[in-house]
Structures are given as structure tokens and as C-alpha cells.
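Chains as they are written, first to last, in my numbering: chain A, 1 to 177; chain B, 1 to 502.
Please keep in mind that the hints were generated in silico from the structure rather than gathered at the bench. Each hint should be verified, as a subset may be incorrect.
[Stated by the list, open to error] Each pair of labels, with its calculated beta carbon distance range:
| no. | chain 1 | residue 1 | chain 2 | residue 2 | range |
| --- | --- | --- | --- | --- | --- |
| 1 | B | 137 | A | 105 | 32 to 40 Å |
| 2 | B | 381 | A | 104 | 51 to 59 Å |
| 3 | B | 459 | A | 104 | 51 to 59 Å |
| 4 | B | 197 | A | 70 | 13 to 21 Å |
| 5 | A | 17 | B | 287 | 20 to 28 Å |
| 6 | B | 473 | A | 17 | 32 to 40 Å |
[Unchecked claim] Residues on chain B that point at chain A, a partial pick, calculated with CB under 10 Å:
| no. | residue |
| --- | --- |
| 7 | 176 |
| 8 | 336 |
| 9 | 339 |
| 10 | 399 |
| 11 | 419 |
All residues carry an ideal CB built from backbone N, CA and C; glycine is no exception.
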Amino acid sequence: MIPRQTDIRFTGIVFILAVLALLFSSQLIVEPPIPLTTDLLAMSPRVFPFLILLSMALVALIFLLSEARLGAFKAISSTENGNQVSTNFWRQIAFLIITIICALLLNRLGFITTMFLLMTSTSVLVGNRSLVQILCISILVPVSFYIVVTHVLRTALPEVDVVQRMLMSVTQLLPSF
Amino acid sequence: MIETLLAGLDAALRIDTFVWISGGLLLGMLMGSLPGFTTSMGMSVLVPISFLVGDPLIGIPFLIGVYKGGIYGGSVPAILISMPGTGASIATVFDGHELTKKGQPRKALEMGLYASVISDLFSDVFTLVMIIPVAAIVLGFGPPEIASVMFLSLVIIAVTSMGPVVKGLLMLCLGVWFGFVGADPFSGMPRYTFGTNELYDGFHLIPMLIGLFALPEIFNAVKEGDISGSSVGRFVGERLRFDELKKSLRTICRSTVIGTGVGLVPGLGQPIAAMMGYIAAKNASKHPENFGKGELDGVAGAEAANNAVNGPTMVPLLTLGIPGDAVTALLLGAFMMQGLRPGPTLLETNGEIVFAILIAMVIANFLFLVLGYISIPLFARVVTIKRSLLIPVTIMLAFSGTYLARSNPFDIVTLIGFGLVGIAARSAKFDVAPMVMGFILGRELEYTFGQTLALAGTDWVRFALTERIGMTAVVLATPIVGVLLGVRMSKFRQRALKGEEA
Chain A
1 MIPRQTDIRF TGIVFILAVL ALLFSSQLIV EPPIPLTTDL LAMSPRVFPF
51 LILLSMALVA LIFLLSEARL GAFKAISSTE NGNQVSTNFW RQIAFLIITI
101 ICALLLNRLG FITTMFLLMT STSVLVGNRS LVQILCISIL VPVSFYIVVT
151 HVLRTALPEV DVVQRMLMSV TQLLPSF
Chain B
1 MIETLLAGLD AALRIDTFVW ISGGLLLGML MGSLPGFTTS MGMSVLVPIS
51 FLVGDPLIGI PFLIGVYKGG IYGGSVPAIL ISMPGTGASI ATVFDGHELT
101 KKGQPRKALE MGLYASVISD LFSDVFTLVM IIPVAAIVLG FGPPEIASVM
151 FLSLVIIAVT SMGPVVKGLL MLCLGVWFGF VGADPFSGMP RYTFGTNELY
201 DGFHLIPMLI GLFALPEIFN AVKEGDISGS SVGRFVGERL RFDELKKSLR
251 TICRSTVIGT GVGLVPGLGQ PIAAMMGYIA AKNASKHPEN FGKGELDGVA
301 GAEAANNAVN GPTMVPLLTL GIPGDAVTAL LLGAFMMQGL RPGPTLLETN
351 GEIVFAILIA MVIANFLFLV LGYISIPLFA RVVTIKRSLL IPVTIMLAFS
401 GTYLARSNPF DIVTLIGFGL VGIAARSAKF DVAPMVMGFI LGRELEYTFG
451 QTLALAGTDW VRFALTERIG MTAVVLATPI VGVLLGVRMS KFRQRALKGE
501 EA
């Protein structure tokens with residue numbers, strides 16, 4: 001997708017968001033239940049957001065109108081190779097889905113397992129085809145990082161009991177810091 | 001103040017501080033040397049590590065080391081494979097890579113190192129000297145003056161961002177709006193929280209920064225696939241002679257002054273300084289026709305200017321809490337995580353730590369020279385490392401860094417959310433730096449503006465024209481500065497584009 005079309009879409013989304021936030025500001029911003037004096041509350045909680053949203057909508061509108069005057073809304077044929085765009089697009093979508101899934105699973109599966117899944121899939125998506133390299137990086141790096149953070153820096157990372165017990169046998173062998 | 005400075009000197013002279021600065025410098029040079037890895041991305045994943053070490057005199061100098069090393073490291077791939085490691089090194093490509101083609105990459109890299117160290121040292125000393133009078137002036141500022149200076153800074157940031165002014169303004173507004181999520185600073189009433197407790201405290205800065213800077217880079221790497229410059233980058237050729245360095249000293253001094261000036265203005269940053277330094281060197285040269293064909297002065301001009309920005313950006317950050325660019329926004333996050341709140345009172349409350357950090361910055365330049373000199377051959381090889389080995393490690397650092405900052409699982413959701421915003425903005429060619437500045441300064445601006453209204457009472461005209469003339473002057477000057485700077489910036493961008501094409 002070429003930037004010209006993408007920036008119009010991005011601005012369009014921002015414009016719609018700003019207009020919606022302006023329209024529903026009474027529901028999205030709660031006013032204080034009791035009236036406060038001007039010493040305590042010189043400005044309503046809605047004033048500044050209103051000014052910013054109005055500016056945002058105006059700036060977005062100016063951009064969209066100037067692009068429309070230049071004829072940018074007309075379809076512009078993509079210069080990239082169709083198959084290449086499609087492969088890259090699906091790779092990126094797959095990366096996003098995996099990232100979101102891993103973010104949601106971090107607390108349930110624990111740090112090491114989630115990072116193993118995330119790093120393995122990212123390695124494959126970036127183009128690494130060496131199984132040894134992928135496994136080495138995806139196992140050794142999260143395990144070492146986990147040990148350094150929990151044992152040396154004494155900070156907790158989310159981890160399931162089974163893995164924690166397994167790693168405890170390793171950390172017990174290390175000198176305490 | 002002198003006692004505080006001396007106490008800061010005493011606090012700065014610690015072995016562990018220098019060990020961590022050295023580590024930061026090496027990591028920064030590593031990150032900068034890798035094509036596709038930017039300093040902001042590297043710093044964003046390392047900010048939580050700086051917090052975990054606990055002591056601000058270790059954590060902050062470590063990040064400053066990453067910052068300095070990263071800006072110089074970006075010149076390595078720029079010179080060797082014509083691929084700027086960071087935005088700051090774009091101007092270094094013009095002559096640096098031509099020198100590589102002539103078989104003199106070593107000369108170019110050494111010139112880049114010396115120019116960087118000299119300019120960085122000068123600008124850090126300037127920062128150390130400047131911070132005391134600036135802090136004394138700022139100490140007299142009340143909410144009206146702070147609000148007006150923040151307003152001016154936001155306008156400057158928007159008009160000097162990469163790309164058209166409208167885009168910069170839009171991203172700035174978006175950032176300010178994201179800052180509104182959470183409790184209202186005066187009444188404590190929730191805004192845009194959709195009834196959730198997680199959003200009541202608002203978005204945390206660290207996951208936002210990691211999401212905006214690191215995730216889009218990784219997303220882009222997934223699109224581009226595995227790349228490395230293995231076949232082109234080689235570190236060979238003659239060393240830089242002393243007389244060659246001496247000949248370029250004038251250029252280095254000029255670019256240092258340019259970079260120092262640029263660093264003091266929020267929003268401009270290294271890429272603009274480097275381009276200005278390069279153009280100034282070309283204009284002042286007796287042989288401008290040699291520029292773009294492998295002229296050592298071209299490398300010196302660009303590298304001295306981009307590194308001279310590092311120190312002065314700390315002046316508005318430490319005295320007013322205004323970050324000059326994305327990297328100083330990350331430093332602001334690091335300061336806040338360490339319990340230090342940059343602003344007018346920072347020097348009063350934590351003067352010793354501030355001076356210790358600034359002195360550590362000055363001393364770091366000597367380490368930078370030694371480490372840079374020793375490690376140039378090593379980082380010349382780093383260019384050849386496959387990206388597919390580093391991207392998975394980076395994403396792990398992004399996730400774990402986000403979690404470690406507050407041990408709050410919701411921050412991971414924030415990371416992904418802002419990652420998606422960053423990806424969308426990047427693909428639409430919108431600069432996210434104004435958004436970050438808007439997020440940081442917007443809330444503060446609202447708070448100080450509210451305080452100003454409370455101070456002014458009902459007769460705000462009398463208040464503005466008699467009691468707070470400084471505030472009124474800054475507010476009235478803001479549109480003029482904005483328009484003038486906008487016009488100059490668009491001319492400058494055109495010149496820079498022509499330079500790039502040439």
C-alpha cells in the first residue's frame with residue numbers, strides 16, 4: 001500500500017475518533033458530583049479535552065481537504081509486485097496476531113514459555129531457517145534473562161510453578177548476589 | 001550551588017558508574033551499528049534495565065552511554081554500507097560511504113569518532129556551565145510561565161517534526177489526547193476510562209515508548225526479512241593522520257556550535273543538526289565541489305553536529321521537564337522511574353545527583369574515545385550480523401522491559417496498543433515524536449494552565465498584562481516563532497532533499 005493512501009486512511013480514522021469523542025464527551029468525561037469553587041477547580045475536566053479534540057478534528061479536516069484538492073482520493077495503482085505485497089502483508093499480520101496472543105498468555109503460560117513461542121515465531125517470520133539457531137536463541141536467551149532478573153536483580157517475572165521449580169535447582173547452584 | 005556541584009563531582013567519581021557507562025557505550029555502539037536498529041528503539045528496551053539496577057547514578061549514566069554510543073554507532077553502517085544506522089547519520093552517508101568506495105573506510109570511521117568525541121565533550125561542558133544560570137532563572141517561574149513555555153515548546157515540536165506541519169500538529173494533538181486518559185488532575189474524575197480501573201492512572205510512559213519505537217521497527221523487519229551487509233562492510237584502509245584531523249578542526253568547531261544550538265531547542269534533534277552541520281561545512285569549504293565525493297570535512301561536519309546535540313538537550317529536560325526529542329523523552333521516563341522529577345525544582349531537591357549525572361556525561365567522553373577507538377574494527381563486523389538473530393531478542397526485551405517497569409500485566413496491553421498506533425503512523429509516514437511530546441507535556445500543560453486560571457481569578461486581562469508580562473510575551477511570540485520556524489524548516493527540508501539527491 002502506498003503512503004499517500006495510508007496517510008489519508010490514518011487521518012480519516014483520527015478525524016472520526018475526534019468527532020466521536022467530541023460527540024460523546026458527556027459520557028466519556030465525568031463531571032464532579034458537587035460543584036467545586038474556582039480555587040479548587042478553575043477549569044472543568046471537559047475544557048482542555050474539548051479544545052484538543054476540536055483542534056485535532058480541524059487539523060485532520062484541513063489535511064483531508066488539501067489531499068482531496070490534490071486528487072489523492074482517486075485510486076492510485078500500487079507499484080509493488082502483487083505476490084510480494086501479499087506475502088509481506090500476511091507475514092506482518094501473522095506477527096501481529098502472535099504478538100497479541102503472547103501478550104494475553106504471558107501471565108498464564110509464564111515468561112519462558114511465552115517468550116519461547118514469541119521468539120521462535122518471530123525468528124521464522126524474519127526469515128531465519130536454521131532450526132538450531134532458532135532453538136538456541138529462543139531457549140537460552142529467555143532462560144538466562146529470567147535467571148539474571150530473578151536471581152541477580154531480585155525482581156519477579158511471571159512464571160508457572162513447574163518451570164519455577166525446575167529453574168530453582170539451577171539458581172541454587174549459583175552464588176547469591 | 002558550588003557545594004552541590006562539588007558534592008556531585010564526588011558522587012560521580014565511582015568505579016561502578018564508569019563500568020555501567022562503558023557498558024552503555026558499547027551497547028549503544030552495537031545498536032547503532034546494526035542497520036535497522038535505531039537509538040530510540042535500543043534505549044526504549046533498555047530503560048527498564050536502568051531502573052532495575054536501582055541507583056540513579058548507575059542507571060541514568062548507563063542510558064546516557066547508550067545514547068552517546070548509539071548516535072556514533074549509526075555512522076558505522078552509514079560509512080561502510082551506505083545504510084544509516086540512525087536518522088542522525090543520514091548526512092554521514094554522503095561522504096562517508098564515498099570514502100569507503102575509495103578504500104578509506106578506516107579514515108572515515110576515525111574522523112567520525114574524533115569529531116563525535118570533541119563535539120560531545122564541548123557540548124557537555126557547555127551544558128554543565130549553562131544549567132546553573134538557566135536553573136536559577138527557571139526557579140523564578142510560576143505556573144503561568146511554565147505553561148507558556150510548554151505551549152511554545154509544543155508548537156516548536158510540531159512545526160519541526162519530520163514531514164508536513166499538519167501531520168506534526170495532528171500527532172501532537174493525538175498525543176495530548178492520550179495524556180487525558182485517566183483521572184483529571186484537579187477534580188480526580190475519570191476521563192476516557194470506560195469504567196475500567198486499569199485506565200484510571202492513565203497510560204504509563206514506558207510501555208507507550210517501547211510500543212511506539214520498538215514494535216514498529218520489529219514489524220518493519222518482519223516485512224523486509226533477513227538482511228545483513230556481510231558482503232560489503234570491510235574495515236580496511238589508512239588511518240587518519242593528525243594533519244587531516246587538524247585541517248577539519250574548524251569544521252568540527254563550527255558543527256559543534258550548530259549542534260549545541262540545535263540541542264537547546266526542543267524538537268529539532270540530531271538529524272536536523274547533522275544536515276545543518278554538513279551544509280555549513282560545504283558552504284564554508286574552499287572546495288565545495290569535493291563534497292559528496294569522499295570529503296573528510298563532510299564526515300566531520302555531520303558527525304560533530306549530531307553528537308553536539310546530546311548534551312544541550314538535557315538543559316530543557318532537567319530545568320523545565322521538556323524533552324527535546326524522542327531519546328530525551330526516554331531519559332525523562334528513566335528519571336521518573338528513579339523517583340526524580342525533572343523540572344524547576346529538580347536542581348534544588350536533587351542537585352547533587354543532577355550534577356553527578358552531568359559530570360559523568362563529561363567523563364563518559366574520554367571512555368567513549370578509548371572504547372570507540374578499540375572497538376571500531378569490532379563494530380565494523382557487527383554490521384554483518386544477521387537481523388534474524390537480533391529481532392527475537394529485541395522483542396523479548398520489549399515484552400520483559402514493559403512488564404518489569406511496574407509488574408503490571410495491563411502494561412503489556414498498553415505496549416501492544418501503542419505498538420499498533422506506531423505501526424499505523426509509520427506506514428502512513430507520520431512522525432511519532434510529536435505524539436510522545438504531546439503525551440508528556442499535554443497533561444503538564446493542562447495542570448499548569450488550570451493553576452494559572454486559578455491564580456488569575458476573574459480579572460485575567462489585568463493578570464496577563466500587569467502581573468505576568470513574561471507569560472504574555474511568550475504566548476504572543478509563539479505563533480510568530482511557529483510560523484517563522486515552519487517556513488525555515490520547509491526551506492531547509494527542500495535544501496536537504498536536494499543535497500541528498502546530489
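Status of each hint after checking the structure:
With their beta carbons about 52 Å apart, residue 137(B) and residue 105(A) fall outside the hinted range of 32 to 40 Å. Checked against the hint of 51 to 59 Å, the pair residue 381(B) and residue 104(A) fails, with Cβ atoms roughly 39 Å apart. Judged by the Cβ atoms, the range 51 to 59 Å given for residue 459(B) and residue 104(A) holds: they are separated by roughly 55 Å. Residue 197(B) and residue 70(A) have their C-beta atoms about 46 Å apart, which leaves the hinted 13 to 21 Å range violated.
Distance hint check for residue 17(A) and residue 287(B): the Cβ-Cβ separation is about 54 Å, which falls outside the suggested range of 20 to 28 Å. Separation of residue 473(B) from residue 17(A) is about 36 Å and conforms to the stated range, judged on CB atoms against 32 to 40 Å. The restraint placing residue 176(B) at the interface with chain A holds, with a minimum CB-CB distance near 5 Å, inside the 10 Å limit. Proximity of residue 336(B) to chain A is violated relative to the hint, the smallest CB-CB distance being about 18 Å (cut-off 10 Å).
Residue-level restraint check for residue 339(B) is violated (minimum Cβ-Cβ distance to chain A is 17 Å; threshold 10 Å). Because the beta carbon of residue 399(B) sits about 7 Å from the nearest beta carbon in chain A, less than 10 Å, this interface hint is met. Interface hint at residue 419(B): satisfied, since its Cβ lies 7 Å from the closest Cβ of chain A, which is below the 10 Å cut-off.
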